[in-house]
Amino acid sequence: MIKTRKSYGNMVFDTIVYVLLGSITLIAFFPILYIVSGSFASVKELAMNRFLLIPKEPTLDAYRYIFSTNTLMRSMRVTVMVTIAGTVVNLVMTCLMAYPLSRKELPGRKYLMYAVTFTLVFNGGMIPTYLVVKAVGLIDSYAALILPGAISSFNLVLVKNFFQEIPQDLIDSARIDGCNEVGILTKIVLPLSKPALATFTMFYAVGHWNTFLTALLYLNDSKKWTIQVLLRQIVILAQGGIGDEASMGMQFVIPSQSVKMAVIVVSTLPIVLCYPFMQKYFEKGVMVGSIKG
Amino acid sequence: MKGQKNNWNRIMSYKWLYIMLIPGMLYYAVFRFGPMFGLIAAFKNYQPFLGFFDSEWVGLKYFIRFFTDKSFMRLLGNTLTLSFLNLAFFFPMPILIALLLNEVKCSWFKRTVQSVVYLPHFLSWVVIVGISYTLFTTDGGIITEGLKRLGFGQINFLASPGWFRPMAVMQNIWKETGWGSIIFLAALAGVNVEMYEAAKLDGANRFQQILYITLPAIKTTIITMLILRLGHVMESGFDQMYNMQNAMNRDVSDVFDTYVYRMGLVNGQLSYSTAVGLFKSLAGLILVLSADKLSKKVGEEGIL
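One line per chain: the protein sequences are A and B, in this order.
Take our numbering: the final residue in the first sequence is number 293, and no numbers are missing along the way.
Take our numbering: the final residue in the second sequence is number 304, and no numbers are missing along the way.
One should not assume that every hint holds.
[Stated by the list, open to error] Heads up, simulated EDC-like pairs for lysine to aspartate or glutamate below, C-alpha to C-alpha not over 20 Å straight-line: (1) A:K44 to B:D69; (2) B:K15 to A:D177; (3) A:K44 to B:D139.
[Said to hold, decoys possible] Covered stretches of chain B, as calculated for chain A (at least 3 residues, CB under 8 Å): (4) 12–23; (5) 116–130; (6) 134–141; (7) 161–172; (8) 196–207.
I should point out that these hints are in silico values taken from the structure, not numbers from a laboratory.
Just so it is clear, CB atoms sit at the ideal spot from N, CA and C, and this is done for glycine as well.
Please construct the entire structure, taking both the sequences and the accompanying hints into account.
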């Protein structure tokens, strides 16, 4: 008797949980679905406000339009290149610095760690950083999107901590076999850190793809714009007179809703395509919380 | 003498390690500590044509100007209001999702939910704001249009001061709830299953189990995350604020970062905006250090 009552309560509870999560998921997925299917709808259908989720006459017009000039493709190409080059620089710089710092016996290591930790809690801010980038002559160059953020202190500390976990015996025996420090790093430490490095590659790469502020600050030439800055120009500013900057550098007519949606889809596609691979790593590798030296 | 030589030998034996450090140290010197020296500009009347050293010292002039300007209270108010709205409405969401996911036994359902709710974290703020613009535009956005047909009238979500904060918090909830739940799920994975068995024998129902076992088990994680957030109440996120900002909502959407950008790089008041930025960085530093202390006081590891 009690058992049936209990399982009845269980069923009600389970139903509530599944219904709640199911609705949250649907609500969370709706915007993405709407944007994707809207990009295939005709201008007329969207303008008549009849469009909900399935376009009645699916068309590629929006995609034809955005690829009719090379503005979007150029920006995508540039962003892909900055992402690849930037991520390589990030990984090389981070690993090169993390490895010596992971060696506890290294004289002077403590002071370097103080300096790195300090940058975690304090920075010069937007304007002084801009002045430094300008002083070293990087304005309007793609290096400005790569060098000022070459190492994330947060990632550096995490990589260093990961390297420290590698058994000292392995390092010692490699040294006895005649390996120098460069060899130990490339033949022992890095291969053993593959899963961790995959996670950091992902974080760095997504960061480059999504970067907006640095491109806004350091690239004045609109021909050099990366995808996020171009996206702002097409999707957010081109609303027809709501922003005070709407007149800034606009050379084209106000794009239709389906064109805006198509631009959002294209510029997000690389992230979505990589998402299944990324998922494998980030769930294992959540590294929030303590980053003690 | 001999000691010195030994020291030298010791350092030389690490030669390769030091060589490896060179690129990183150069990077930190130029791009991390360079700007910190550049903060001196806040105490000078920095003129690009005079250069850094020849510009005249003005002491605290720009700080006084900022603190007596009416923008100061507005920026501080906007920043803190947004942070506390996020604490009140966003912060509980990841915990809620984690608690719900923890009750799901069906693994394909769990994976599907997780895949969907984690995804927005990887989208840029420009994309998030762009999606909001398409959904909420008065020019036929599906949500504006739907509400109009339901008799709510024409609501201007994007260009009215009243809707700016709710929109910003909603975007944040959509973007970060799933991602934020991962840390709580990790904490939940460590809860001892026997506790639930014992509770079941004592006649506790599922809701009571959550209340008396699950929640206490992740209490420390919740407190740590809360303290961590408190340490960052001065941060509003430039990308989101800047992209959501327009002439109609500037009174409520202007925060320190957008103000520094506008004053410094659009209006060219480099010294003044450096002073504003320095104030924000210092306030942030104090908050983070206090949060770290607090976190250690309640028996946690601390952030640093």
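Each hint tested on the structure:
1. A:K44 to B:D69: violated, 50 Å
2. B:K15 to A:D177: holds, 19 Å
3. A:K44 to B:D139: holds, 13 Å
4. 12–23: holds (count 7)
5. 116–130: Contact hint for the stretch 116–130 of chain B vs chain A: holds, 13 residues under 8 Å.
6. 134–141: holds (count 5)
7. 161–172: Violated, because only 0 residues of the stretch 161–172 of chain B bring their Cβ atoms closer than 8 Å to Cβ atoms of chain A.
8. 196–207: holds (count 3)
The structure does not agree with the numbered hints 1 and 7 stated previously, though it agrees with the rest.
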